[in-house]
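A.B. asks: Please construct the entire structure, taking both the sequences and the accompanying hints into account.
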Amino acid sequence: MPDQPQSDQPRSDPLTNRTPDLAAAARRVLETMCFSTLVGPVEAATAQSTLALAAAVHYSGPSSGTVMIGLSGAAAHALTENFLGGYVDEDDAEGLRQQREFTAELANMICGAVVGTFFGPGPYTLAAPEEVEPERLADLDGLRGDFALDEGMLSVVAVAA
Amino acid sequence: MELNILIVDDSPVMRAFIKRVLAMSGLAVAQTLEASDGRQAIDVLKAQHVDLVLSDINMPVMNGEEFLREMMANETLRGTPVVVISTDARLDRVMQMISLGARGYVAKPFSPEGLRAELERAMGVVNA
Chain A
30 MPDQPQSDQP
40 RSDPLTNRTP
50 DLAAAARRVL
60 ETMCFSTLVG
70 PVEAATAQST
80 LALAAAVHYS
90 GPSSGTVMIG
100 LSGAAAHALT
110 ENFLGGYVDE
120 DDAEGLRQQR
130 EFTAELANMI
140 CGAVVGTFFG
150 PGPYTLAAPE
160 EVEPERLADL
170 DGLRGDFALD
180 EGMLSVVAVA
190 A
Chain B
186 MELNILIVDD
196 SPVMRAFIKR
206 VLAMSGLAVA
216 QTLEASDGRQ
226 AIDVLKAQHV
236 DLVLSDINMP
246 VMNGEEFLRE
256 MMANETLRGT
266 PVVVISTDAR
276 LDRVMQMISL
286 GARGYVAKPF
296 SPEGLRAELE
306 RAMGVVNA
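Residue numbers (the numbering used here), protein chains in the order written: chain A, 30 to 190; chain B, 186 to 313.
These are calculated hints, taken from the structure and not from any lab test.
One thing to keep in mind: the hints can contain errors.
[To be verified] 25 Å max Cα-Cα, derived DMTMM-like pairs, lysine to aspartate or glutamate:
#1 B/K293 / A/D179
#2 B/K293 / A/E160
#3 B/K204 / A/E60
#4 B/K204 / A/D121
#5 B/K204 / A/E159
#6 B/K293 / A/E110
#7 B/K204 / A/D168
#8 B/K293 / A/E60
#9 B/K204 / A/E72
#10 B/K293 / A/E159
#11 B/K293 / A/E180
#12 B/K204 / A/E162
#13 B/K204 / A/E123
#14 B/K293 / B/D195
#15 B/K231 / B/E305
C.D. replies: The following block contains the structure:
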């Protein structure tokens with residue numbers, strides 16, 4: 030699936046058929062900030078079954094909605110280590126706190142990239158990221174991308190309000 | 186010149202990431218100081234010499250806008266350059282923060298090279 034932005038054809042729903050843009054936005058954040066990338070798409074059910082941490086960011090402006098991300102345990106650990114540039118203990122409380130904070134930051138950055146890519150100049154306001162249960166990503170009705178990473182999986186869902 | 190740099194962000198992992206990127210950027214850093222909101226940052230600035238401030242916008246207690254207003258209202262602090270680091274890349278947001286006194290603006294995601302270039306520009310460093 031190509032990752033080039035689609036043409037600017039008028040759409041009633043800005044989230045329709047924008048999965049390549051979703052992938053491009055996520056890839057840009059991962060490559061720049063986490064020294065990782067998307068390997069390829071995976072089935073939603075496959076990704077969903079692996080998710081260990083999730084976070085959501087609400088955006089508001091001319092359009093409003095929520096961008097939610099989920100990470101498998103392997104992805105949360107590997108990306109947090111990449112982000113911080115050092116060892117993160119998978120099992121202790123400090124390591125888990127770092128992975129949770131990282132997941133929230135990643136949601137914030139991917140939401141910013143998605144809103145900027147999809148909706149253009151705003152003004153838009155992003156709320157503070159909040160941790161959510163990974164199960165919440167399962168049944169959301171919105172634009173969805175599920176991706177394999179170098180290690181683990183990432184799910185991104187954008188839901189218009 | 187080695188710089189004392191104050192990182193203002195409510196996220197500990199983002200502060201750690203910025204420290205890491207500063208090290209990767211090749212900038213000569215003597216010391217990195219940290220604050221989790223604008224109020225703490227003002228306290229640090231009043232207590233220690235700081236050459237450059239990197240500040241988030243969305244923070245509890247005192248956000249980036251309030252922090253800039255308070256800094257610029259203080260004759261002793263207003264000369265210290267502030268570079269804003271934010272997910273919000275909108276031009277109107279950038280211009281708002283510049284009008285409040287920020288010397289630079291870095292939108293996430295950013296690379297070490299991009300951060301260094303903006304910090305040098307904000308500090309008026311030429312051919313560094």
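A.B. asks: Does each hint fit the structure? Answer for all of them.
C.D. replies: Hints versus structure:
Between B/K293 and A/D179 the alpha-carbon distance is near 22 Å, which keeps this suggested pair within the 25 Å criterion. The hinted pair formed by B/K293 and A/E160 meets the criterion: a straight-line CA distance of about 20 Å does not exceed 25 Å. Our distance criterion of 25 Å between C-alpha atoms is met by B/K204 and A/E60, whose separation comes to about 18 Å. The hinted pair formed by B/K204 and A/D121 meets the criterion: a straight-line CA distance of about 23 Å does not exceed 25 Å.
Proximity of B/K204 to A/E159 is assessed by CA-CA distance (about 24 Å); at most 25 Å being required, the pair is judged to hold. For the hint pairing B/K293 with A/E110, the CA-to-CA distance comes to about 19 Å; that is within 25 Å, so the pair holds. Taking the CA atoms of B/K204 and A/D168, the gap is near 38 Å; set against the 25 Å cutoff, the hint is violated. Proximity of B/K293 to A/E60 is assessed by CA-CA distance (about 12 Å); at most 25 Å being required, the pair is judged to hold.
Using a Cα cut-off of 25 Å, the hinted pair B/K204 and A/E72 is violated, with the two alpha carbons roughly 37 Å apart. Straight-line distance between C-alpha atoms of B/K293 and A/E159 comes to about 18 Å, which keeps the hinted pair within the 25 Å bound. In summary, the hint linking B/K293 to A/E180 is supported, as the alpha carbons are separated by about 23 Å, within the 25 Å threshold. For a cut-off of 25 Å, the pair hint linking B/K204 to A/E162 is broken: about 30 Å separates their Cα positions.
A C-alpha spacing of about 19 Å is found between B/K204 and A/E123, which places the hinted pair at or below 25 Å, so the restraint holds. Our distance criterion of 25 Å between C-alpha atoms is met by B/K293 and B/D195, whose separation comes to about 15 Å. Taking the CA atoms of B/K231 and B/E305, the gap is about 24 Å. The hint holds against a cut of 25 Å.
This entry does not satisfy hints 7, 9 and 12, going by the numbered hints stated previously.
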